[in-house]
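If you're matching them up, the sequences are chains A and B in order. Just so we're aligned, residue 284 is where the first sequence starts under the numbering used here, counting upward by one. Just so we're aligned, residue 3 is where the second sequence starts under the numbering used here, counting upward by one.
Keep in mind that a hint or two might mislead.
Simulated restraints, written as ranges between beta carbons of each label pair [claimed, not checked]:
(1) E84(B) x P301(A): 42 to 48 Å
(2) S81(B) x K396(A): 41 to 47 Å
(3) Q20(B) x A336(A): 40 to 46 Å
Coverage of chain B stretches by chain A, computed from C-beta distances (three or more under 8 Å per stretch; other residues unrestricted) [stated by the list, open to error]:
(4) 38-47
(5) 106-113
Calculated cross-link-like contacts (lysine-lysine; reagent style DSSO-like; alpha-carbon spacing at most 30 Å) [unchecked claim]:
(6) K59(B) x K325(A)
(7) K341(A) x K351(A)
(8) K351(A) x K332(A)
(9) K396(A) x K325(A)
(10) K341(A) x K352(A)
(11) K332(A) x K15(B)
(12) K325(A) x K15(B)
(13) K15(B) x K59(B)
(14) K352(A) x K332(A)
(15) K15(B) x K352(A)
No wet-lab data here; the hints were simulated from the structure. From a predicted model like this one, the values you see are computed outputs, not experimental measurements. Ideal Cβ positions, reconstructed from N, Cα and C, are used throughout, including at glycine.
Single-letter residue listing:
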Amino acid sequence: AQSVTQLDSHVSVSEGTPVLLRCNYSSSYSPSLFWYVQHPNKGLQLLLKYTSAATLVKGINGFEAEFKKSETSFHLTKPSAHMSDAAEYFCVVSDRNAGNMLTFGGGTRLMVKP
Amino acid sequence: KAGVTQTPRYLIKTRGQQVTLSCSPISGHRSVSWYQQTPGQGLQFLFEYFSETQRNKGNFPGRFSGRQFSNSRSEMNVSTLELGDSALYLCASSPGLAWTTDTQYFGPGTRLTVL
């Protein structure tokens, strides 16, 4: 069965400093991996996705993630945090061998201090 | 293009009642997926409909059901409501099946409160 573990439920950074949100996955096949962001009282928005092309994936708003098969990780990074980045972030895996379901991680709440 | 719309946005029901939630996907999208989001369980996949057929189903009891119409609009029904069904129900649409490389676009959700 596939699963996703977001290693930190809360991350706090200062504006202008780097962001690192960690995600580890378990999958029996070559997975597709996604990061979504959810701002308060809004739906989820796709930040980026990995689908077995380049292992370094660039997304919107300056975010990027690197797929590391040997470490089964897909960490999300951004060089410089902005106040508007404060939100909840979800790492998601989909795996054909898992019935084509999308499995969400528990989420990481990112707080950005001025 | 208009985004994914969900109605109603807020709903209050009592235990034992049933409820129907509606989702209109982005024009041209054929897949609609439903998710339940709660503080305790996080985001959980309910089911996916594609071309009026249920293609995938999560681990939820039979009280949760859905359907999709020929115009791709989808409804989700929950019967015999329980307190634990209180949640934000999110709908997402995509051109193709959710597990493919197609991006899913999420609606704002319906907040269901069961008293």
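We went through each hint and held it up to the structure:
Distance hint check for E84(B) and P301(A): the Cβ-Cβ separation is about 44 Å, which falls inside the suggested range of 42 to 48 Å. About 46 Å separates the C-beta atoms of S81(B) and K396(A), a value consistent with the hinted range of 41 to 47 Å. For the pair Q20(B) and A336(A), the supplied restraint of 40 to 46 Å holds, since their beta-carbon distance comes to about 45 Å. Against chain A, the stretch 38-47 of chain B contributes 4 residues with a C-beta closer than 8 Å to a partner C-beta. That satisfies the three-residue criterion, and the hint holds.
Counting residues of the stretch 106-113 of chain B whose CB lies closer than 8 Å to any CB of chain A gives 6, so the stated coverage by that chain holds, three being the minimum. Note on K59(B) and K325(A): the hinted pairing holds, with a Cα-Cα distance of about 24 Å set against a maximum of 30 Å. For the hint linking K341(A) to K351(A), the alpha-carbon distance of about 15 Å falls within 30 Å, and the restraint holds. Annotation: proposed proximity of K351(A) to K332(A) holds, straight-line Cα distance about 14 Å (limit 30 Å).
Restraint check for K396(A) and K325(A): the C-alpha separation of about 21 Å stays at or below 30 Å, so the hint holds. Our distance criterion of 30 Å between C-alpha atoms is met by K341(A) and K352(A), whose separation comes to about 17 Å. As the CA atoms of K332(A) and K15(B) are separated by approximately 37 Å, the hinted pair breaks the 30 Å bound. Between K325(A) and K15(B) the CA atoms are separated by roughly 22 Å; this keeps the pair inside 30 Å, and the hint holds.
Of the pairs offered as hints, the one joining K15(B) and K59(B) holds, with about 25 Å between alpha carbons and a cut-off of 30 Å not exceeded. For the hint pairing K352(A) with K332(A), the CA-to-CA distance comes to about 15 Å; that is within 30 Å, so the pair holds. For the hint pairing K15(B) with K352(A), the CA-to-CA distance comes to about 46 Å; that exceeds 30 Å, so the pair is violated.
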